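Trainee: Dock chain B against chain A, hints included.
These protein sequence lines map, in sequence, to chains A and B.
Each residue of the first sequence is one higher than the one before, starting from 1 at the first, in this note's numbering.
Each residue of the second sequence is one higher than the one before, starting from 1001 at the first, in this note's numbering.
Derived by calculation from the structure, the hints in this document are not laboratory data.
Please read all numbers here as calculations on a predicted model, not as lab measurements.
For every residue, glycine included, the Cβ atom is placed at its ideal position computed from N, Cα and C.
Errors might be hidden in some of the hints.
[Unchecked claim] Which bits of chain B does chain A cover? Going by a derived footprint, with three or more residues having C-beta under 8 angstroms, they are:
| id | region |
| --- | --- |
| 1 | 1015–1021 |
| 2 | 1029–1037 |
[Unchecked claim] Pairs of lysine-lysine, BS3-like flavour, derived with a Cα cap of 30 angstroms:
| id | chain 1 | residue 1 | chain 2 | residue 2 |
| --- | --- | --- | --- | --- |
| 3 | B | 1012 | A | 303 |
| 4 | B | 1012 | A | 41 |
| 5 | B | 1077 | B | 1140 |
| 6 | A | 41 | A | 332 |
| 7 | A | 87 | A | 73 |
| 8 | A | 69 | A | 41 |
| 9 | A | 69 | B | 1038 |
| 10 | A | 80 | A | 69 |
| 11 | B | 1026 | B | 1038 |
| 12 | A | 41 | B | 1077 |
| 13 | A | 143 | A | 87 |
| 14 | A | 303 | A | 349 |
| 15 | B | 1038 | B | 1006 |
| 16 | A | 87 | A | 69 |
| 17 | A | 143 | A | 73 |
| 18 | B | 1088 | B | 1077 |
| 19 | B | 1038 | A | 303 |
| 20 | A | 80 | A | 143 |
| 21 | A | 69 | A | 143 |
| 22 | B | 1038 | B | 1142 |
| 23 | B | 1012 | A | 332 |
| 24 | A | 332 | B | 1006 |
| 25 | A | 349 | A | 332 |
| 26 | A | 41 | B | 1088 |
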Amino acid sequence: MNVSVLAIEIPYWGQSLLRVLGGIVAVLLPAGTIVYVFLFKMMSFMQSRLGPMEAGPYGSLQLVAEVGKWMQKEDLVPEKADHVIFKMAPVIVLTSTFLLVAVVPFGPDAWFTNFQAGAFYAMAVGSVSVIGIIIAGYASANKYSYLGGLRAAGQLIAYELPMVLAIVGVVIQAGSMNLQEIVVVQNTGEIFGWNGVGFPFVITQFVGFGIFMISVQAELTQAPFDMPIAESELVAGYMTEYSGFRFLIFFIGEFATAGVFALIASVLFLGGWGVPFAWFDWTTIDSVDDWMNVAGPLIMFSKMMLLVFVIMWVRFSYPRFREDQLQRFAWKVLIPLSLANIAVTAILKVAV
Amino acid sequence: MVSKPKVPGLVKGLGVTFGTMMRTFKNGANTVQYPHEKESPPIRSRGVIALHEGNCTACMLCARSCPDWCIYIEGHKQLAPPRRAGGKPRQVNHLDRFDIDYALCMYCGICVEVCPFDALFWSPEYEYSEPRIADLLHDKAKLGEWMETVPEAPELEAGAEKKK
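Chain A with its partners taken away, still in its complex shape:
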């Protein structure tokens, strides 16, 4: 299976290498951009200050300075901690992010893996990070870490469900779990015969979209769902005992996962990498021009920035939920709502 990109024949191993490199870029570049643009700058502006200004023009190299600082710090492990598991935990969290990005399609040929149960796989590996967080809290031999880990586990399991259920609506409507397929369906669709903007599922699945974004907020333990790392009660939750490079991995993991979840949300609800196929008289995925392999990632990136902007905006605006409110919101509001959404979608799909 040789794919020609820009008229160059690339052998299979070359493609694989490109995809691995692309995966690393697709995780680390959004993470860095998100941290600088949103965490450093937007948050500062929302608090009427300028944020980092000294490192590089407008503080753009601040992240490099921070990474340099973290790399120099001592890699501390508490004496009574379970050393092997303690050291493994942040890597598991970051691995989950890399596994997650593997199914995101960035263009007609620019994908990492293209397999049928993509949506299902994304939800499955998205919860791998829970394991990393639980064992990070457990292996730290610290009661605050342990409480933080338990809270994270309870929260992530509670919000995993509405997230999966919110996706089911999209899957029913698209008739496929393959993310590439979902993108194609959205871009070939038409609204009452008008195909000017395709048919992004956010139009019909707005309830699902809302539930999905709320769940993503909770999955990322961003405020207002940051109970697991509530600094006023738990120091820093499961991250309390981590320092230096391992803390950095947690940190990258948090924002890279924000980016990747935003990518998945844009694939599922906002039409993914595609432009409406009718613009260029494309009909199927095979007739899409090659230049979409370059334009697609850019479109995905801008959609990701838009969604991450919303995630971060909510994060910087709202105070934290109480633990019981947080659980009640997931089990009593989001899950019934998403079940109703599935039922309505299924009925309309069959009826219309």
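Mentor: This is chain B only, laid out in the frame that chain A set:
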């Protein structure tokens, strides 16, 4: 009275942060980029304590009332020429040492309050950090230099009783 349609609090909250962001974009931040531009502190802010040496009688009230014991005073008695011709020479306290250790000082201002002879003053100057902690011990000469930065006392309120 027609009540305005209520915006849900959640949306309003998002509006506040977004509005602040746009305002910062347009009008700049409320903060000051400190080493590049400086803010002038309020005129009576507590920056550093200045010593007017001529007024000090080494009475030790400030040193004794200091909660941190950061004021060090040494003095000796000596004879000064008489005020009127034919009078006896007066005995005065001469100040040998007056140090304030700003590494200990907690800026409570009790020494300034308690001084019966108006020898201590607040100055709004705040840039006197030192690489070595020992250099934060300001001696008599340095405390005297701060006197130049002490602002004029504000006018008394109308009808206030003048001190004689």
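Trainee: Now tell me, hint by hint, if it's right for this structure.
Mentor: Structure-based check of all given hints:
| no. | hint | verdict |
| --- | --- | --- |
| 1 | 1015–1021 | holds (count 5) |
| 2 | 1029–1037 | holds (count 4) |
| 3 | B:1012 - A:303 | holds (25 angstroms) |
| 4 | B:1012 - A:41 | holds (22 angstroms) |
| 5 | B:1077 - B:1140 | holds (18 angstroms) |
| 6 | A:41 - A:332 | violated (36 angstroms) |
| 7 | A:87 - A:73 | holds (15 angstroms) |
| 8 | A:69 - A:41 | holds (20 angstroms) |
| 9 | A:69 - B:1038 | holds (28 angstroms) |
| 10 | A:80 - A:69 | holds (26 angstroms) |
| 11 | B:1026 - B:1038 | holds (21 angstroms) |
| 12 | A:41 - B:1077 | violated (63 angstroms) |
| 13 | A:143 - A:87 | holds (18 angstroms) |
| 14 | A:303 - A:349 | holds (27 angstroms) |
| 15 | B:1038 - B:1006 | violated (43 angstroms) |
| 16 | A:87 - A:69 | holds (19 angstroms) |
| 17 | A:143 - A:73 | holds (24 angstroms) |
| 18 | B:1088 - B:1077 | holds (15 angstroms) |
| 19 | B:1038 - A:303 | violated (41 angstroms) |
| 20 | A:80 - A:143 | holds (12 angstroms) |
| 21 | A:69 - A:143 | holds (28 angstroms) |
| 22 | B:1038 - B:1142 | holds (23 angstroms) |
| 23 | B:1012 - A:332 | holds (25 angstroms) |
| 24 | A:332 - B:1006 | holds (26 angstroms) |
| 25 | A:349 - A:332 | holds (26 angstroms) |
| 26 | A:41 - B:1088 | violated (74 angstroms) |
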